[in-house]
Amino acid sequence: MAGSRLEKFGTVFTRVRDLMRSGVVKQSDKPIWYDVYKTFPPMKDPLYVRPVAKRYGKKEEAVPDIFYREDEIRLSFFLPFCRFVEKYTEFESQGELEKQSLFEETGKALLAEGLGLRRRGIPAVASETRNPVLGMKLTDMLAEQQADAPGGTRVPGKEKPTQATLNPQ
Amino acid sequence: MAAGVLTKGLCGFRQPRIVAAGYSCSGPLYATATAVKTLPLQTDSTAVTDEIQNLPLETPDFFRLSELFSLKDLFDARVHLGHKKGCRHRLMEPYLFGSRLGQDIIDLDQTMAHLQSALNFTAHIAYRGGIILFVSRRRQFSHVVESTAGDCGEYAHTRYWQGGLLTNAPIQYGPGVRLPDLIVFLSTLNNVFQQHVGVRDAAKMNIPTVGVVDSNCNPSLVTYPVPGNDDTPAAMELYCRLFKMTINRAKDKRRQMELLQGLSPAGLIHGSS
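Line by line, the protein sequences are chains A and B. The numbers in full-length UniProt numbering rise by one with no breaks, and the one at position 111 of the first sequence is 111. The numbers in full-length UniProt numbering rise by one with no breaks, and the one at position 106 of the second sequence is 106.
Simulated from the structure, these hints should not be mistaken for laboratory data. Careful: at least some of the hints might be erroneous.
[Claimed, not checked] Distance condition first, Cα-Cα at most 27 Å in a straight line; then the derived BS3-like pairs of lysine-lysine: (1) A:Lys8 with A:Lys38; (2) B:Lys85 with A:Lys44; (3) B:Lys85 with A:Lys54; (4) A:Lys26 with B:Lys85; (5) B:Lys84 with B:Lys72; (6) A:Lys38 with B:Lys72; (7) B:Lys84 with A:Lys44; (8) A:Lys44 with A:Lys8; (9) B:Lys72 with A:Lys30; (10) A:Lys30 with A:Lys44; (11) B:Lys204 with A:Lys30; (12) A:Lys54 with A:Lys44; (13) A:Lys87 with A:Lys108; (14) A:Lys38 with A:Lys54; (15) A:Lys44 with B:Lys204; (16) A:Lys8 with A:Lys26; (17) B:Lys85 with B:Lys72; (18) A:Lys87 with A:Lys99; (19) A:Lys30 with B:Lys253; (20) A:Lys54 with A:Lys8; (21) B:Lys244 with B:Lys72; (22) B:Lys85 with A:Lys38; (23) A:Lys108 with B:Lys253; (24) A:Lys8 with A:Lys30; (25) A:Lys38 with B:Lys244; (26) A:Lys8 with B:Lys204; (27) A:Lys54 with B:Lys84.
[Claimed, not checked] Computed, partial: chain A to chain B, Cβ under 7 Å: (28) Glu7; (29) Gly10; (30) Val12; (31) Trp33; (32) Tyr34; (33) Pro42; (34) Tyr48; (35) Ala53; (36) Val63; (37) Pro64; (38) Asp65; (39) Ser101; (40) Leu102.
Just so it is clear, the structure is predicted and the values come from calculations on it, not from any experiment. The beta carbon of each residue, even a glycine, is placed where N, CA and C say it ideally should be.
Just chain B, same shape as in the assembly:
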């Protein structure tokens, strides 16, 4: 287990042994220091740890995530508002309820089910000590997303996505880099309204993705799409809050389980938490 430290540096400076992009360098921006550890993907394969690992899989909603949100919350946060009819993506049609005076309305019943599924998956990944990367290229929500990631001890990338971030990681970040186990897209589009490169790259590197897909997005490559609005601040804050609560719940549960079993929480902490 080698420790890697992300030090301050200017753009273009190659950082050794960084676990998948705390903050990327772009222009005169600095990257803040984050102590990270590279860990083996599985802890000691004792029967007890395996049991803890697999116990949540037996219940459909082990972390009781359905009590975190309701349909009314989604409606109040204006999650159902899509873009205009002309911006509609062909593949989003099954997720739309209808079109009111030209504006697409997303079917919140489907959104509830998809959101439950996505949060459940996220919780299980967090429970197993996986690395979660939040990605969003919406500049007005960049701060919200970054602070969310910081609050739950995970990572965020809301800056320019360099081409080889995932596909060329050993060269860009040094050998032995651990890639994220889940990427959460708070918006699957980049600044020029094309699909974010990270969606395709994550599929290439066999990393599952959770993504909020608006009515003008392509949901086909996203593993767990969540049809919903990605333009309103209220909606984005709702998603960020939900993901933060999910991850914190999952991690707390893991710590609790390990304490009950009398083990030290060695396999869980992979960053500042």
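So here's chain A without its partners, still in its complex pose:
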């Protein structure tokens, strides 16, 4: 059976249709898929697209980035967390304090700069309702850590999350 091997010109359908129209391919030799394609064509013609080497001019962003509202909350939670970890490792490397007091010391140190940090908090309606939940988790964590420590040392741990709920403006 005759065929057309020019995949870069037209689609499979157009080539077969034109072959039949010109009489090269007889109606009795019609491919099985021809009628099906005719009735249910694809959404986009499968034309060969020549590869373009470079896109000139301004590159417009065809595929947008996906961000959620929760990302803003994650950001406001994550940045102080980064600072906390930095301070913690600082104190740890100094090596003077024991493990139990490290947490409180970092908490106290951060409190001293607390206002500086919190100013970056991004305001959102959801954050006010969510941050108490986050705050509670932190206190629970600290409570577990300092289960045998006296109650007085827990104050910095408690104050830090509550400040988080008040400060976002």
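With chain A held as given, fit chain B onto it using these hints.
Below, chain B alone, put in the same frame as chain A:
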């Protein structure tokens, strides 16, 4: 109608009268025996057979394939996950929903429509007794694809694609070989992340293709592209299951129609089914 038998042999041995590649020979691999028949492309052109042939074309979803999958199924199988932004193919941009922290997310609404269209086409081809060839060069899914093909009585080629498989078939397999009427690519890339040769060869030989195109694939030559993930096992198993169910449904429907009309199902069986 000549019968061809694919016999066991080593690589390089020329097999006579094989219908498009049951399993190709590559290295020390063997090809298993499959009895095949070469058939004329159309059955006896009686009015009744033509009627059976053309009846499904009147309904948009004759085989009710939309009930086989839902958007949630696609999501659970992680079909929406694409590759990273740097791997993105320019022509896949219309099919992408967005990019989450650098990873492309495929638009599942479009995937649903494309998948419906592709499965519908596959079902119609299977209904008309066409030969379907499953191709995938992903070695971790080679077994899944081959067993899928076996389960629905069609063919699979998940090994090295020799250059002249489609374009030089009469020489490689003997004269009078019947080529596949549809090629289904479960992954359009080969092992070196270039477009599979079969996509271009099928277009050359005027064979329509259905292909799962990931965000780093070129969808332009694929007749019915299905934008979706081709790397996750869950997604691949979903596609294989869907294609298997579609083809089996279509073949069962054909048998049913022929029995109703009182004909023997001579035009349908072209392999082990």
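Evaluated hints:
no., hint, result
1, A:Lys8 with A:Lys38, "holds (21 Å)"
2, B:Lys85 with A:Lys44, "holds (24 Å)"
3, B:Lys85 with A:Lys54, "holds (17 Å)"
4, A:Lys26 with B:Lys85, "violated (48 Å)"
5, B:Lys84 with B:Lys72, "holds (23 Å)"
6, A:Lys38 with B:Lys72, "violated (31 Å)"
7, B:Lys84 with A:Lys44, "holds (25 Å)"
8, A:Lys44 with A:Lys8, "holds (16 Å)"
9, B:Lys72 with A:Lys30, "violated (39 Å)"
10, A:Lys30 with A:Lys44, "holds (23 Å)"
11, B:Lys204 with A:Lys30, "holds (17 Å)"
12, A:Lys54 with A:Lys44, "holds (24 Å)"
13, A:Lys87 with A:Lys108, "holds (10 Å)"
14, A:Lys38 with A:Lys54, "violated (36 Å)"
15, A:Lys44 with B:Lys204, "holds (19 Å)"
16, A:Lys8 with A:Lys26, "holds (24 Å)"
17, B:Lys85 with B:Lys72, "holds (25 Å)"
18, A:Lys87 with A:Lys99, "holds (14 Å)"
19, A:Lys30 with B:Lys253, "holds (23 Å)"
20, A:Lys54 with A:Lys8, "holds (20 Å)"
21, B:Lys244 with B:Lys72, "holds (20 Å)"
22, B:Lys85 with A:Lys38, "violated (36 Å)"
23, A:Lys108 with B:Lys253, "violated (76 Å)"
24, A:Lys8 with A:Lys30, "holds (22 Å)"
25, A:Lys38 with B:Lys244, "holds (24 Å)"
26, A:Lys8 with B:Lys204, "holds (9 Å)"
27, A:Lys54 with B:Lys84, "holds (20 Å)"
28, Glu7, "holds (4 Å)"
29, Gly10, "violated (10 Å)"
30, Val12, "holds (5 Å)"
31, Trp33, "holds (5 Å)"
32, Tyr34, "violated (9 Å)"
33, Pro42, "holds (5 Å)"
34, Tyr48, "holds (6 Å)"
35, Ala53, "violated (11 Å)"
36, Val63, "holds (5 Å)"
37, Pro64, "holds (5 Å)"
38, Asp65, "holds (5 Å)"
39, Ser101, "violated (37 Å)"
40, Leu102, "violated (32 Å)"
In summary, the structure is inconsistent with hints 4, 6, 9, 14, 22, 23, 29, 32, 35, 39 and 40 from the numbered list given earlier, while agreeing with the others.
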